[in-house]
Amino acid sequence: MNNQKHASTAPAGFMDRTWDFFASVRLSVVLLLSLAVTSIIGTVIPQNADPSVYARKFGPDLYSVLDALSIFNMYQSWWFRLLLCLLVINLVVCSVRRLKATWKVIFPKKTHFNPDRFKKVAGRIEWQVPDTPAGDLKDTIEQYMQKRYSHVQTRQEDNSWWIFGERGRWTRLGVYGVHLSVVLLVIGGLIGSLFGFEGMMNVPEGESRRTITLRNSDETRQLDFSVRCDDFTVSHYPSGRPKEYRSDIALVEDEKVVETHRLRVNDPLRYKGINIFQSSYGQNAAEAFTVVFTDTESGMRFEKKAAIGKTVAVPAGKGELTVEDFSGNFAFRGHNVGPAFLASLNPSSGKQRPVLLPVNYPKFDRMRGGEYAISIEDVAYTYYTGLQVTRDPGVPLVYISFALMILACYVTFFMFQQKIGIEVQDSDTGVRVAVGGISERRRPGIKTAVRRLAAKLQKQTNQRTAG
Amino acid sequence: MPNSETVFTIVTFVYGLAFILYVAAWIFKKSLPGKTATGVLIAAAAGNAAGFVLRWTESHQMGYGYVPLSNLYESLVFFALCMAVIYLVVEYRYKVRTIGVFASIVPFLAMAYASLPSVDSQIQPLIPALQSNWLIAHVITCFLGYAAFAIACGISIMYLIKSASASPDTGTVGHFPDVETMDELTHQMIAFGFLFLSVGIITGAIWADQAWGRYWGWDPKETWSLITWLIYATLLHARFMRGWEGRRIAYLSCLGFVAVLFTYFGVNLLPGLHSYQ
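Chains as they are written, first to last, in my numbering: chain A, 215 to 681; chain B, 24 to 300.
Everything labelled a hint here was simulated from the structure, so no lab data went into it. Among the clues, some could well be false.
[Unchecked claim] Once the Cα atoms are required to be at most 25 Å apart in a straight line, the calculated SDA-like pairs of lysine to any residue come out as:
no.: 1; chain 1: A; residue 1: LYS661; chain 2: B; residue 2: VAL202
no.: 2; chain 1: A; residue 1: LYS661; chain 2: B; residue 2: GLU207
no.: 3; chain 1: A; residue 1: LYS457; chain 2: B; residue 2: GLN147
[As the list claims (entries may be wrong)] Just the calculated beta-carbon pair ranges, DEER-fashion:
no.: 4; chain 1: B; residue 1: PHE263; chain 2: A; residue 2: MET229; range: 24 to 30 Å
no.: 5; chain 1: A; residue 1: LYS323; chain 2: B; residue 2: ILE184; range: 48 to 54 Å
no.: 6; chain 1: A; residue 1: SER248; chain 2: B; residue 2: ARG271; range: 41 to 47 Å
no.: 7; chain 1: A; residue 1: GLN290; chain 2: B; residue 2: TYR274; range: 56 to 62 Å
no.: 8; chain 1: A; residue 1: GLU517; chain 2: B; residue 2: VAL142; range: 49 to 55 Å
no.: 9; chain 1: B; residue 1: ARG271; chain 2: A; residue 2: ARG429; range: 51 to 57 Å
no.: 10; chain 1: A; residue 1: VAL267; chain 2: B; residue 2: SER138; range: 34 to 40 Å
no.: 11; chain 1: A; residue 1: SER453; chain 2: B; residue 2: VAL142; range: 16 to 22 Å
no.: 12; chain 1: A; residue 1: VAL471; chain 2: B; residue 2: PHE288; range: 45 to 51 Å
no.: 13; chain 1: A; residue 1: TYR451; chain 2: B; residue 2: SER138; range: 51 to 57 Å
no.: 14; chain 1: B; residue 1: TYR87; chain 2: A; residue 2: THR425; range: 53 to 59 Å
[Claimed, not checked] Calculated from the model, a selection of chain B residues having no Cβ within reach of chain A, i.e. all distances over 10 Å:
no.: 15; residue: ILE33
no.: 16; residue: VAL46
no.: 17; residue: PHE51
no.: 18; residue: LYS58
no.: 19; residue: LEU77
no.: 20; residue: VAL90
no.: 21; residue: PHE215
no.: 22; residue: ILE225
no.: 23; residue: ALA228
no.: 24; residue: ALA234
no.: 25; residue: MET264
Since the structure is predicted, the reported quantities are computational estimates derived from the model, not experimental observations. All C-beta atoms in this analysis are idealised placements derived from N, C-alpha and C, irrespective of residue type, glycine included.
Let's have the full structure, built from the sequences with the hints guiding it.
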């Protein structure tokens, strides 16, 4: 019997305890702080770099431990997502639990005011109005309150008239709005990471491309249309800083141009849920250029037309040179040497070796100490435009959550429910009027609200006296 | 006509003068230095604002034409202005003057830091990514938030000093506002700062979405602004839902401001899009 009873209550107890666990604000505080503390890791350790960089930095053992913990991609890791998930559950459970009580406050069956609470409240303001019957004053105040407050009630108690009013009940929903906005934000982010992508494509001037390389991976993806770059322009300030770069692009679908746009930084093109951004640019070397061999002793020059992938003969049958690659911004020992060609020299005697040929430093190859110093001239460049291509179906939801968050934060922090109780009482020296206000959670703003209301009422009652 | 840099140099010293007067008003609890301090701080803020407008005009004369909110120098100048203005509103509404000690020394230090040779004060044309109205909204809202948090931190420090003092109602500590007022003011400033930090992060996200096609990229500065947001969110929950008050809130407020400082300056030590050039 005992056993059975135990068995029947245990699941309910477990459910209750789970519910209580997720409904606790202590959990919220712990989760918020955990997210804050763990987020620091990813700002100290650069994320998504090449594994070899980490392996060199941390050593193989530490590297494998950190890698297993997804430290190098921590914001997408299972444990960081788990923390976010727990926060969302916590948020929803807390809100649902408290919303029930709040709902009763916002939509009570009957609005009730207790005069005693207003008698003792801090910040109560009193003044005397001479020569006016209390009943008339009551009417003036009541009329004023009807205009500015809802649920206005007037009551006579002992020797006093009481006028009550209330407003801003709905502002109690503000905090739920903030919580809802966080939930929407996380859902929007999740949709983006599940169904969206982010990639780059380089389109040379005058050409079309439809393949993008995804961010932080070597994966590629085909677009439903191809992107053609009709023109690319970059302008500079006198200091050399880039001022503007832009691409005239056309989207081609089934051999038809479906969209054209002058793409600038901060002015993207959006087409069928895909966003195309001007992100960077670079130079490509044109098909043809001249390879110059300079005899280091006599200074005699030998010029040969060449192209990427082409092999030219070194003068006097001293071997061959194959131009293999070009880079618009080559980094040599950490210094950007600008546009440079990479070539492979295969001498008639000796071993094959790579040579670097920076266009702006024609004497660079002299350092090699070879018989002939090699340089490149007459390079005609073409630009390519670097486009960022993204798709994020979560963005509309994220933007909605942004708007909701701002609005709801404002309501939560700067608006509040206020109940006002005004006492109008005959005394020896005239009529005494007292204004008191109550807010939820003793909001500091209530005193200001009461002060302002009292000032307005004083004006009203004085006018009344004057008339 | 003086150039904006000269104006800012003068303003730096006016902030310094306001600080000295606020200290005098606090220690001697006299109303004359207090009123003078307020006047001097208003003058400093007005000069600061005038310098801002002047720099804006200068950038137009140079042919670049941008709102001067784009580098460390300009941000420091703007931060000083935000802090002075927010404090003056608080002083006017709450009739508390001792906080002015913080609200004048921090702008002074910010302006002094801006004048160091290591901080480039040249008017530089904007690179394409910075040519956006969202940038202006982003920087203004962020700095209003930072300034409010700075004032909150100043008040929290005063709170900690006063509540730890053996005789909190006498001597110089006695001249601080009472602990309830300080607790309330801290909360008001944090609520204000939190709203503006939220708007700042959001406008920054929209800008990033316009410029780079993603509203959030876990860039160190983004992440640190989120960390700051999370700390203040913790503080607000601890206060509202768990009834934390007084010293514990004051400590959290200081911690939050440390995060603000790191978001502002520390992140420049880390790699990312936001590092000031």
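Here's how the hints hold up against the structure:
1. A/LYS661 x B/VAL202: Between A/LYS661 and B/VAL202 the Cα gap is close to 17 Å, so the pair holds against 25 Å.
2. A/LYS661 x B/GLU207: Given that 25 Å is the threshold and the Cα spacing comes to 12 Å, the pair holds.
3. A/LYS457 x B/GLN147: 11 Å, holds
4. B/PHE263 x A/MET229: 24 to 30 Å: Distance hint for B/PHE263, A/MET229 holds at roughly 27 Å.
5. A/LYS323 x B/ILE184: 48 to 54 Å: 50 Å, holds
6. A/SER248 x B/ARG271: 41 to 47 Å: About 19 Å separates the Cβ atoms of A/SER248 and B/ARG271, which means 41 to 47 Å is violated.
7. A/GLN290 x B/TYR274: 56 to 62 Å: 33 Å, violated
8. A/GLU517 x B/VAL142: 49 to 55 Å: 51 Å, holds
9. B/ARG271 x A/ARG429: 51 to 57 Å: 42 Å, violated
10. A/VAL267 x B/SER138: 34 to 40 Å: For A/VAL267 and B/SER138 the Cβ distance comes to about 39 Å; the hint holds.
11. A/SER453 x B/VAL142: 16 to 22 Å: Cβ of A/SER453 to Cβ of B/VAL142: about 18 Å, so the range 16 to 22 Å holds.
12. A/VAL471 x B/PHE288: 45 to 51 Å: 49 Å, holds
13. A/TYR451 x B/SER138: 51 to 57 Å: Taking Cβ atoms as reference, A/TYR451 and B/SER138 lie about 25 Å apart, which means the hint is violated.
14. B/TYR87 x A/THR425: 53 to 59 Å: About 38 Å separates the Cβ atoms of B/TYR87 and A/THR425, which means 53 to 59 Å is violated.
15. ILE33: 28 Å, holds
16. VAL46: It holds; B/VAL46 is separated from chain A by about 28 Å at its closest Cβ, greater than 10 Å.
17. PHE51: 30 Å, holds
18. LYS58: 24 Å, holds
19. LEU77: Holds, since 22 Å exceeds 10 Å.
20. VAL90: 15 Å, holds
21. PHE215: 7 Å, violated
22. ILE225: Given that some Cβ of chain A is not farther than 10 Å from that of B/ILE225, nearest at about 5 Å, it is violated.
23. ALA228: It is violated; B/ALA228 is separated from chain A by about 7 Å at its closest Cβ, not greater than 10 Å.
24. ALA234: Contrary to the label, B/ALA234 does not stay out of reach of chain A, its closest Cβ about 5 Å off (not over 10 Å).
25. MET264: Violated: least Cβ distance 4 Å, not greater than 10 Å.
Checked against the numbered hints given earlier, the structure breaks hints 6, 7, 9, 13, 14, 21, 22, 23, 24 and 25 and satisfies all the rest.
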